[in-house]
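Turn these sequences into a full structure, and let the hints steer you where they fit.
What follows is the residue order along each chain.
There are 2 protein chains.
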Amino acid sequence: MTKGITSRKEDYSQWYTDIVLKAEMADYSPVRGCMVIRPHGFEVWERLRDEIDRRIKSCGVGGKLHKNAYFPLFIPESFLKREAEHVKGFVPQCAVVTEGGGSVLEEKLYLRPTSETIMYDMYSKWISSWRDLPLLINQWANIVRWELRTRLFLRTLEFLWQEGHTAHANHEEAYEETQMILNDIYTRVAEDFMAIPVLRGKKTPSQRFPGAVDTYCIEGLMQDNKALQMGTSHDLGQNFAKPFNIRFQDKDGSLKYVYQTSWGVSTRLIGALIMAHSDDSGLVLPPALAPVQVIIVPIYKSDSERASTINAARKIANSLADEEVRVEIDEREEFKPGFKFHDWELRGVPVRIELGPREIEDNNAVLVRRDTGKKQTVSQNNLPRTIHDLLTAIQKSLFDRALKFQKDNTAETNDYEEFKKIMEERGGFVWSPWCERPECEDKVQEDTKATIRMIPLDSEVQEGKCIVCGAPSKIRVPFAKAY
Amino acid sequence: MTKGITSRKEDYSQWYTDIVLKAEMADYSPVRGCMVIRPHGFEVWERLRDEIDRRIKSCGVGGKLHKNAYFPLFIPESFLKREAEHVKGFVPQCAVVTEGGGSVLEEKLYLRPTSETIMYDMYSKWISSWRDLPLLINQWANIVRWELRTRLFLRTLEFLWQEGHTAHANHEEAYEETQMILNDIYTRVAEDFMAIPVLRGKKTPSQRFPGAVDTYCIEGLMQDNKALQMGTSHDLGQNFAKPFNIRFQDKDGSLKYVYQTSWGVSTRLIGALIMAHSDDSGLVLPPALAPVQVIIVPIYKSDSERASTINAARKIANSLADEEVRVEIDEREEFKPGFKFHDWELRGVPVRIELGPREIEDNNAVLVRRDTGKKQTVSQNNLPRTIHDLLTAIQKSLFDRALKFQKDNTAETNDYEEFKKIMEERGGFVWSPWCERPECEDKVQEDTKATIRMIPLDSEVQEGKCIVCGAPSKIRVPFAKAY
Numbered sequence: 004m005t006k007g008i009t010s011r012k013e014d015y016s017q018w019y020t021d022i023v024l025k026a027e028m029a030d031y032s033p034v035r036g037c038m039v040i041r042p043h044g045f046e047v048w049e050r051l052r053d054e055i056d057r058r059i060k061s062c063g064v065g066g067k068l069h070k071n072a073y074f075p076l077f078i079p080e081s082f083l084k085r086e087a088e089h090v091k092g093f094v095p096q097c098a099v100v101t102e103g104g105g106s107v108l109e110e111k112l113y114l115r116p117t118s119e120t121i122m123y124d125m126y127s128k129w130i131s132s133w134r135d136l137p138l139l140i141n142q143w144a145n146i147v148r149w150e151l152r153t154r155l156f157l158r159t160l161e162f163l164w165q166e167g168h169t170a171h172a173n174h175e176e177a178y179e180e181t182q183m184i185l186n187d188i189y190t191r192v193a194e195d196f197m198a199i200p201v202l203r204g205k206k207t208p209s210q211r212f213p214g215a216v217d218t219y220c221i222e223g224l225m226q227d228n229k230a231l232q233m234g235t236s237h238d239l240g241q242n243f244a245k246p247f248n249i250r251f252q253d254k255d256g257s258l259k260y261v262y263q264t265s266w267g268v269s270t271r272l273i274g275a276l277i278m279a280h281s282d283d284s285g286l287v288l289p290p291a292l293a294p295v296q297v298i299i300v301p302i303y304k305s306d307s308e309r310a311s312t313i314n315a316a317r318k319i320a321n322s323l324a325d326e327e328v329r330v331e332i333d334e335r336e337e338f339k340p341g342f343k344f345h346d347w348e349l350r351g352v353p354v355r356i357e358l359g360p361r362e363i364e365d366n367n368a369v370l371v372r373r374d375t376g377k378k379q380t381v382s383q384n385n386l387p388r389t390i391h392d393l394l395t396a397i398q399k400s401l402f403d404r405a406l407k408f409q410k411d412n413t414a415e416t417n418d419y420e421e422f423k424k425i426m427e428e429r430g431g432f433v434w435s436p437w438c439e440r441p442e443c444e445d446k447v448q449e450d451t452k453a454t455i456r457m458i459p460l461d462s463e464v465q466e467g468k469c470i471v472c473g474a475p476s477k478i479r480v481p482f483a484k485a486y
Numbered sequence: 004m005t006k007g008i009t010s011r012k013e014d015y016s017q018w019y020t021d022i023v024l025k026a027e028m029a030d031y032s033p034v035r036g037c038m039v040i041r042p043h044g045f046e047v048w049e050r051l052r053d054e055i056d057r058r059i060k061s062c063g064v065g066g067k068l069h070k071n072a073y074f075p076l077f078i079p080e081s082f083l084k085r086e087a088e089h090v091k092g093f094v095p096q097c098a099v100v101t102e103g104g105g106s107v108l109e110e111k112l113y114l115r116p117t118s119e120t121i122m123y124d125m126y127s128k129w130i131s132s133w134r135d136l137p138l139l140i141n142q143w144a145n146i147v148r149w150e151l152r153t154r155l156f157l158r159t160l161e162f163l164w165q166e167g168h169t170a171h172a173n174h175e176e177a178y179e180e181t182q183m184i185l186n187d188i189y190t191r192v193a194e195d196f197m198a199i200p201v202l203r204g205k206k207t208p209s210q211r212f213p214g215a216v217d218t219y220c221i222e223g224l225m226q227d228n229k230a231l232q233m234g235t236s237h238d239l240g241q242n243f244a245k246p247f248n249i250r251f252q253d254k255d256g257s258l259k260y261v262y263q264t265s266w267g268v269s270t271r272l273i274g275a276l277i278m279a280h281s282d283d284s285g286l287v288l289p290p291a292l293a294p295v296q297v298i299i300v301p302i303y304k305s306d307s308e309r310a311s312t313i314n315a316a317r318k319i320a321n322s323l324a325d326e327e328v329r330v331e332i333d334e335r336e337e338f339k340p341g342f343k344f345h346d347w348e349l350r351g352v353p354v355r356i357e358l359g360p361r362e363i364e365d366n367n368a369v370l371v372r373r374d375t376g377k378k379q380t381v382s383q384n385n386l387p388r389t390i391h392d393l394l395t396a397i398q399k400s401l402f403d404r405a406l407k408f409q410k411d412n413t414a415e416t417n418d419y420e421e422f423k424k425i426m427e428e429r430g431g432f433v434w435s436p437w438c439e440r441p442e443c444e445d446k447v448q449e450d451t452k453a454t455i456r457m458i459p460l461d462s463e464v465q466e467g468k469c470i471v472c473g474a475p476s477k478i479r480v481p482f483a484k485a486y
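Protein sequence lines, in the order shown, are assigned to chains U and L. Numbering of the first sequence is given in this note's numbering, commencing with residue 4 and proceeding in unit increments. Numbering of the second sequence is given in this note's numbering, commencing with residue 4 and proceeding in unit increments.
Among the hints, a few may not be true.
Identical copies look the same in the list; a pair holds intra-copy or inter-copy alike.
Unchecked claim - With a Cα cut of at most 25 Å, we get these calculated BS3-like pairs of lysine-lysine:
1) K339 - K377
2) K254 - K339
3) K477 - K378
4) K128 - K25
5) K410 - K91
6) K67 - K378
7) K318 - K67
8) K91 - K304
9) K67 - K25
10) K318 - K205
11) K12 - K91
12) K424 - K399
13) K128 - K452
14) K60 - K468
15) K399 - K229
16) K399 - K378
17) K111 - K304
Hints listed in this document are in silico derivations from the structure and should not be mistaken for laboratory results. Given the structure is predicted, the values throughout are model-derived calculations rather than measurements.
Structure, rendered in structure tokens:
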């Protein structure tokens with residue numbers, strides 16, 4: 004235990020909570036199951052959100068781009084009950100407003116657990132012609148789901164997310180939309196930005212979004228060998244268009260129901276980010292997402308040394324800021340350098356620069372990587388270039404490390420006893436043949452708590468025997484215990 | 004009535020609603036009193052929000068900058084009741100969650116009508132030393148107030164806003180914070196960005212925020228001569244620090260309560276923007292906030308003319324986009340130029356470029372200003388420069404026009420009969436002497452519906468006689484009917 008952080012080996016779950024609280028990413032709120040996202044956590048979320056938002060706005064289908072909008076928090080009870088699967092899936096986990104302005108409401112209002120119903124009622128009003136399609140709308144909003152067991156970022160009563168909701172004239176375009184979001188936005192942000200390699204595929208029917216025809220997803224592997232669903236993209240077919248009566252007059256004059264999609268990622272991603280990269284010394288942030296990429300710690304013994312060291316630090320900071328590096332100097336007088344090193348390690352800053360009289364005299368700087376702890380002395384000449392290269396190297400190295408971890412913890416087996424042994428002893432992804440019957444999926448979950456994370460999209464037919472029942476099977480799927 | 008827009012003269016209130024709906028800024032939702040902010044309205048909000056956010060993050064006091072965070076939507080009933088004025092002011096207009104996850108809750112949860120109480124409970128946990136001060140946090144969030152009479156953007160059950168909440172070691176710094184927010188952020192955004200001149204001052208005790216020691220505000224004048232409060236900044240003193248027990252150990256070892264401020268602006272600003280500048284042809288957007296600043300409408304008769312015109316339009320659009328102008332081409336084939344002109348007028352685009360074969364041949368372009376309707380033919384040489392200058396001129400001209408309107412509709416009188424006459428016949432700001440007693444303030448409101456909008460901060464003592472009771476008075480204050 005360093006700085007009050009439980010080690011991963013000792014208690015992974017407690018380690019995670021310690022990191023979130025000590026690195027001041029979030030805090031428990033006095034309302035059960037809700038959290039406060041503190042400034043440090045919120046800055047990471049803002050970077051992630053802005054990157055996702057930028058990508059959403061710069062793509063689209065049918066010659067249009069996605070646009071943001073905002074719909075009400077409240078959903079009338081009658082709306083939520085209009086799509087049969089949707090009501091089953093969401094009503095039991097809703098928070099309900101029954102009083103407003105001192106009076107009991109005539110119709111209960113549910114706080115949005117997702118916004119399909121409130122949005123599609125408007126869509127039915129806005130869409131009348133093929134000219135109105137595609138309709139490509141995204142919303143950033145808070146969501147409420149009355150979870151019983153909660154964990155900071157991963158599962159909270161209230162969370163923040165984006166939810167895209169689109170309507171199309173035909174199914175091909177709707178399908179194209181679901182894949183574009185999954186491949187060009189969610190996968191790219193996860194891998195290139197969060198440095199987390201993901202598996203992509205289609206959920207089994209039992210794991211689908213309530214009301215969807217198909218749910219596509221990306222899944223990452225955490226350091227405790229549990230999978231975490233990081234984003235979903237739903238092909239809704241006409242399942243909502245019909246109860247919400249969203250129809251358009253096509254070019255040939257005929258009246259048709261639209262095809263729809265919805266897709267989202269949430270503040271849960273921050274949980275994934277923490278669990279994928281951090282270590283027993285604290286948070287490890289990928290440079291692309293770190294609010295502060297470089298922290299300069301001035302080292303001095305006397306007041307005159309302090310002045311010259313801080314001066315030199317400011318010169319370096321300015322030269323880095325000019326080259327778009329997010330840099331800060333820790334000028335706090337009340338703390339010693341050793342305390343500061345630990346403090347910034349805890350907060351996950353990718354690079355620390357140690358700068359003392361000797362470095363200044365030699366025109367050098369000491370750089371320390373957060374991810375590996377590796378220390379090197381470099382020249383101050385071309386420092387911005389050196390730092391840029393180092394940040395790029397760290398970003399890549401975090402991804403490579405996570406990919407190696409994922410590969411090292413992926414197994415393949417046709418034998419159910421071996422399967423159970425792996426699941427019990429190690430976890431990770433285990434690929435096995437499956438006959439596609441829900442009974443066998445359920446049996447695995449009962450026996451091992453593992454679920455089928457997805458059906459790979461591009462897998463060729465692989466004749467085999469179902470790992471559970473031995474019946475002929477055509478696909479192999481990755482099982483894992485999951486958050 | 005053009006394009007289904009009622010004229011201002013005929014029915015100002017209906018004109019406003021027509022503009023909001025027809026320009027697709029917002030729409031009524033099926034939930035009473037809630038609105039949907041449509042993509043066009045949301046893009047304007049995003050520009051406003053980003054500008055405010057940028058300014059908030061780049062300023063602060065005590066050597067620190069403001070940071071964003073996120074606190075829960077839910078407020079336990081007991082919290083809201085801890086500050087006496089606060090409970091009186093807000094509890095009657097709250098929405099209340101009484102059921103969650105299928106069960107009745109033990110303690111009712113109020114949806115935040117403002118976040119002082121939920122935030123300050125955390126502050127009491129986070130603040131223990133002078134080193135923790137100042138604490139400068141801002142939040143962007145949705146807010147719920149159970150209003151009976153609602154209007155799109157201006158007063159809705161749910162709205163979006165930012166709320167800053169700061170804690171300081173002494174009152175001087177807290178006061179400095181309230182003034183910095185009012186002067187450097189709210190006033191500058193209103194005047195420089197929204198092109199709306201504002202009056203600044205302090206609210207009378209009866210108009211204060213519930214729980215505040217002092218409330219500072221900015222107020223704009225709308226085209227119907229009613230004032231609209233556009234932003235407030237509250238000096239909370241120690242009114243919340245005491246019930247929430249927010250104390251710090253000062254440098255001398257003594258334990259002290261903090262001094263606090265809170266401040267906010269909301270989507271109501273979009274309502275102000277519409278009412279200040281728009282006309283009977285539709286929305287008029289200041290260039291600084293317009294999602295599209297320049298719309299190019301190609302004019303052609305044949306298919307071959309179409310091809311060459313659109314080609315020329317694209318070249319112009321690229322040259323403008325390269326110089327950071329937000330430009331679009333209306334290539335829709337199903338509509339004639341005349342329809343497009345009206346459509347973009349309705350949506351408030353500041354500049355229209357008309358481009359036909361003749362203009363192309365002469366290397367010219369026809370520019371039409373949305374604010375004045377003025378048309379001019381200019382050379383395509385240096386067009387980005389010409390457009391930049393025009394956009395700057397329009398931004399300034401909108402402010403000047405609004406300032407002239409404000410001045411033309413500001414009166415000064417010492418005579419109550421004249422006061423009442425002005426209020427009844429015209430409205431606007433009327434400056435009159437006031438004895439500072441709430442009874443006289445109330446009397447004016449009863450007689451005329453006008454309220455004191457503020458007490459100017461820097462006004463010198465002006466001996467006079469109260470406009471209502473005739474008692475000696477030391478200040479003159481602006482009265483107005485208000486939204």
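Alpha-carbon proximity context of K339 and K377, limit 25 Å: So K339 and K377 pass the 25 Å test inside one copy only (21 Å; across, 66 Å).
If the cutoff is 25 Å on CA atoms, where do K318 and K67 land: within, between, both or neither? Let me know, please. between (47 Å within a copy, 20 Å between copies)
At most 25 Å between alpha carbons: which applies to K399 and K378, within, between, both or neither? Classified as within; 18 Å inside a copy, 55 Å across copies.
When Cα atoms must be at most 25 Å apart, do K111 and K304 count as within-copy, between-copy, both, or neither? neither (67 Å within a copy, 57 Å between copies)
With identical chains treated as interchangeable, where does the CA-CA distance between K254 and K339 reach 25 Å or less: within a copy, between copies, both, or neither? between (73 Å within a copy, 19 Å between copies)
Go through the copies and call it for K67 and K25: within, between, both or neither, with a Cα cutoff of 25 Å. Between copies only: 21 Å across, 44 Å inside.
Which holds for K91 with K304 at a C-alpha limit of 25 Å: within a copy, between copies, both or neither? So K91 and K304 fail the 25 Å test inside a copy (67 Å) and across (57 Å) alike.
For K12 vs K91, is the C-alpha pair at or below 25 Å within one copy, between two copies, both, or neither? Neither way: K12 and K91 sit 39 Å apart in one copy and 52 Å across, limit 25 Å.
At most 25 Å between alpha carbons: which applies to K424 and K399, within, between, both or neither? For K424 and K399, neither the intra-copy (33 Å) nor the inter-copy (74 Å) Cα distance is at most 25 Å.
Could you place K410 and K91 in one of the four classes (within, between, both, neither) given a Cα distance threshold of 25 Å? Cα proximity of K410 and K91: none, with 37 Å in one copy and 60 Å across.
Given a CA cutoff of 25 Å, do K67 and K378 count as a within-copy pair, a between-copy pair, both, or neither? neither (49 Å within a copy, 31 Å between copies)
My question is about K128 and K25: at a cut-off of 25 Å on alpha-carbon distance, are they close within one copy, between copies, both, or neither? between (49 Å within a copy, 14 Å between copies)
Against the hints set out earlier in the document, violations occur for numbers 3, 5, 6, 8, 10, 11, 12, 13, 14, 17.
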